[in-house]
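Asks: Residues 7 to 142 in this note's numbering are what the sequence shown lists, from first letter to last.
Keep in mind that the hints were calculated from the coordinates and are not lab data.
A portion of the hints provided could be inaccurate.
Straight-line Cα separation of at most 30 angstroms, DSBU-like style, residue types lysine-lysine; simulated pairs [stated by the list, open to error]:
hint	residue 1	residue 2
1	LYS123	LYS111
2	LYS111	LYS48
3	LYS48	LYS123
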Amino acid sequence: MTTGIKTIPCADSLYEQIGGEQPLRDFVIRLYEYMDSLLEVKPVRDMHSHSMEEAGERLFRFMSGWLGGPPLYQQTYGPPRLRRRHMHIPIGNAERDQWLLCAQKSIDDMDWPDADKNALMFRLQEMANHLRNQSA
7 MTTGIKTIPC ADSLYEQIGG EQPLRDFVIR LYEYMDSLLE VKPVRDMHSH
57 SMEEAGERLF RFMSGWLGGP PLYQQTYGPP RLRRRHMHIP IGNAERDQWL
107 LCAQKSIDDM DWPDADKNAL MFRLQEMANH LRNQSA
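Start from the sequences, fold in the hints, and give me the full structure.
Replies: Here's what the structure looks like:
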């Protein structure tokens, strides 16, 4: 549900700390480039039935609000409900780790302070753990 109130990013949000929209977009683009190019993540790449461009745009929109920036995902799609939206995909430790490998490589490519890189990776690990729906 949209309240009609425009959200202004917090100056101390992780979204702002990494530089806002363009650096976040660059991070997501790199993440999905790794998904397309790394052989060791092919199983998780094959789980994406839609284009990586579409998946990347959804992730960018989600991460924008999740990191303290504009709530673009909610404005477009409604509440994230990540776990529910991923229940049709079997996600265990292997799938989580493959996705996190791409995220880590993308973070490593970014010109951000180490503290911001570590904070983002920690948040992504928490999210990826939450999305697991398989015991192994």
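Asks: Now tell me, hint by hint, if it's right for this structure.
Replies: So, going through the hints one by one against the coordinates:
1. LYS123 / LYS111: 11 angstroms, holds
2. LYS111 / LYS48: 15 angstroms, holds
3. LYS48 / LYS123: 25 angstroms, holds
Hint compliance for this structure: no hint is broken.
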